[in-house]
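Number of protein chains: 2
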Amino acid sequence: MENLKSYIQENKDRFLNELFELIRIPSISSIEANKPDMYRAAEMWKNLLLQAGADRAEVYETKGNPVTYGEKIVDPKAPTVLVYAHMDVMPVDPIELWTSNPFEPEIREGKIWARGADDDKGQGFMHAKAFEYLVKTNQLKVNVKFMIEGEEEIGSPSLPQWCKDHKEMLKADIILVSDTGMIAPDTPSITTGLRGLSYWQVEVTGPNRDLHSGLFGGAVANPINVLSKMIAGMLDDNNRITIPGFYDDVVEVTAEERALMAKAPFSLEKYEKALDLTEVTGELGFTTTERTGMRPTFDVCGIWGGYTGEGAKTVIPSKAYAKISTRLVPNQKHDKIAVLFKNHFENIAPKGVRVKVEYLHGGQGYLCPIDLPAYMAAEKAYETVYGKRPVPVRSGGSIPIISSFEEILGIKSILMGFGLESDAIHSPNENFPLEQFFNGIETIPYFYKYFTEINK
Amino acid sequence: MENLKSYIQENKDRFLNELFELIRIPSISSIEANKPDMYRAAEMWKNLLLQAGADRAEVYETKGNPVTYGEKIVDPKAPTVLVYAHMDVMPVDPIELWTSNPFEPEIREGKIWARGADDDKGQGFMHAKAFEYLVKTNQLKVNVKFMIEGEEEIGSPSLPQWCKDHKEMLKADIILVSDTGMIAPDTPSITTGLRGLSYWQVEVTGPNRDLHSGLFGGAVANPINVLSKMIAGMLDDNNRITIPGFYDDVVEVTAEERALMAKAPFSLEKYEKALDLTEVTGELGFTTTERTGMRPTFDVCGIWGGYTGEGAKTVIPSKAYAKISTRLVPNQKHDKIAVLFKNHFENIAPKGVRVKVEYLHGGQGYLCPIDLPAYMAAEKAYETVYGKRPVPVRSGGSIPIISSFEEILGIKSILMGFGLESDAIHSPNENFPLEQFFNGIETIPYFYKYFTEINK
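Respectively, the protein sequence lines represent chains X and R. Quick note on numbering: the first sequence equals residues 1 to 456 in the working numbering. Quick note on numbering: the second sequence equals residues 1001 to 1456 in the working numbering.
Extracted from the complex, chain X is given alone in its bound form (with noise of 0.2 Å):
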């Protein structure tokens, strides 16, 4: 790849400079009132993927938030890539833990701080940079296409229904990915495997009102008492998830994978004192990186109910709510689970209470072959600019709409993921290192020089 470095040394601060810009829009999409900075965060991408040389770039409308769609068709017959990114970020809360804002981006300690700095703007961002490199200095072969989403971080409602309305616009060979982590700077790592995800809000109704304790306390249901006891029913003593049926499509991973995963570096010592744990838990019988790859999980993401402010205050609140997630292994149906665990839920409810569950959003999990071409197209990149042979891992994450890529465009997934465990992707002080951003855009343009000449 000719003057490649050069290339991204000349124009460093440029690509910063832009990539601030983008981070600035606090494209929050669970947030409603947040819904204009979707649309300046499309316009931007749009002006970007233009500026980095497609033929042609526009802001489409879907049900929900739009989708920037670009494009450079460098010949009608030969491969093509398409480049998938989110433009939308995470809530921003808690905002009290954060050291600088989060859309005010700050370079410190060779890190870029900011909510999106990696998940995924800044990841994002790369291919845009490793696109116009390729286009400016003529090194382009293949086709290549970008679908930029705003609503990733909210399950993807609208966009299984927009690329089925843009099928044709949309062909590939491969879909290329940057929204995922590698094991540590100098372990390089490509995801092959993405759990699915199940997400409810639920609400326990007792009194019609909020009662004083001491009058009415013993002899009405306290919807928090309540659903305390449903949400503690939900796991057995060894942690097993007690819905009936939940695990009915869960595949069980061979002695073999597992051994071979047991080789991916991993202390627990140096998890245990990253996250200040006395001790990890979880599902009894598997190992930590086995509980996060291969299995599914039941979290309260959130609770609230009653009185939560300064001092004392004696009373049964008439509502209690809770945001629950499950994560799920891929064979197992985000749909199906949204149904088993509404029945259960409703199923366990006590006399005396009231209850309503609703699915927020959910998506399939994902495996991508090792042997595929693309993969080692991928591989042999990696190892160009690290050093190494990247390791294949099932992370514990989702991208719900990698699974609806492949039903709906026939399309296979690859996981170019730079981000690292200590990014805070989701939590207060989010960050990049430099150096993985700057990697990654070196790394990207030797996917599709590895991939070019694969397909010759």
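Check before you lean on any hint, since a few could be wrong.
Straight-line alpha carbon distances no greater than 25 Å define the calculated DMTMM-like cross-link-like pairs of lysine to aspartate or glutamate that follow [to be verified]: (1) R:K1229 with X:E272; (2) R:K1273 with X:E346; (3) R:K1229 with X:E279; (4) X:K342 with R:E1279; (5) X:K351 with R:D1276.
Honestly, the hints are just simulated from the structure, not real lab data. If you're wondering where the values come from, they're calculated on a predicted model, not measured in any experiment.
We have chain X already, so just place chain R on it with the hints.
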């Protein structure tokens, strides 16, 4: 009682205007920022007492909020009544459920609507006006002392010490309190029992920061899952509290007394309908009135943790919190229960989390014998105004300071309440019927009359 009805009739509007002035002060004792309001309320009480005819009235400092004390000594040898009330009120959230501003009283449907309309500004104020009537019409034959505190809603942490420091000044034969309710407007009742209270805030910490529920889910203890399970375990399937030793000091009520209590009018159907309950619940083997009147309880008054905003955020929070209270029956010691709970909560904490337990406040229960002369004077006073002999009842609520008075000052209290269940104290849309307010001002002077006669 000479001209009692006409005195009330003639001064009706002035009484309401004065009460409204008092209500407009947002004297919420649990919120530090409202501290200056406590002093404004204390000064207003001082002026109310002086205007009503007190020889002297003063605002006393305590370690916490101020106490207003006033007195009129008609004859050092005459018996003395000590009136106790509180000037502080509960917080107002959820504020959006109020029909009108909680600190701008409105009269609608024959009721005063405001925070404190009943508890305890409305009821406390009735004593000032009954006293005013007795002074202005020269019918006061006993000494009267007023002690109005500002920390009742947070468990009166400073008043016991203040009582110890002013034991001589507070000497009295009986304490008179209107801070409870009666069964119905046509069924007067006097509260003879109060439950005690212990109230904690607990904190459960898992990882040292909020984590992505995909990348870490299944491998680290989720503090919300854990807290829910810890809470759930506090009650067994019969709704009995599982804290070891919790029931040790509970005096079981005799079959005879239970039969007597069962004679108080109570409609389960109306109770369920008023609260829109599908069914009542509670400790196995007890009726609804027994559950609130003679049994201890375990209620979570507030819970929070993780993402509680709009939409979905896939996070494992670092911390989860709850505010937990138990109501205690008279023989249980709140400070003993405080320790039993803390030890138990710490003991049941599973591996992988750290827990903190903070004791916010507590108080003892109270029992008043129905053959006490002052009780009989109160009984006759109600009978005079309401035309019916009041029923003695045990309330589920707590006024922690009442048992402290007995302990420190050696004086029993008479709980002459005029509140109704529909007053929604501690809830949004607190209210107090004008009829009860004026009946209260009419009933109290008769207490003084009969109390004077008994003591002759």
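Here is what the structure says about each hint:
no.	hint	verdict
1	R:K1229 with X:E272	23 Å, holds
2	R:K1273 with X:E346	23 Å, holds
3	R:K1229 with X:E279	18 Å, holds
4	X:K342 with R:E1279	22 Å, holds
5	X:K351 with R:D1276	13 Å, holds
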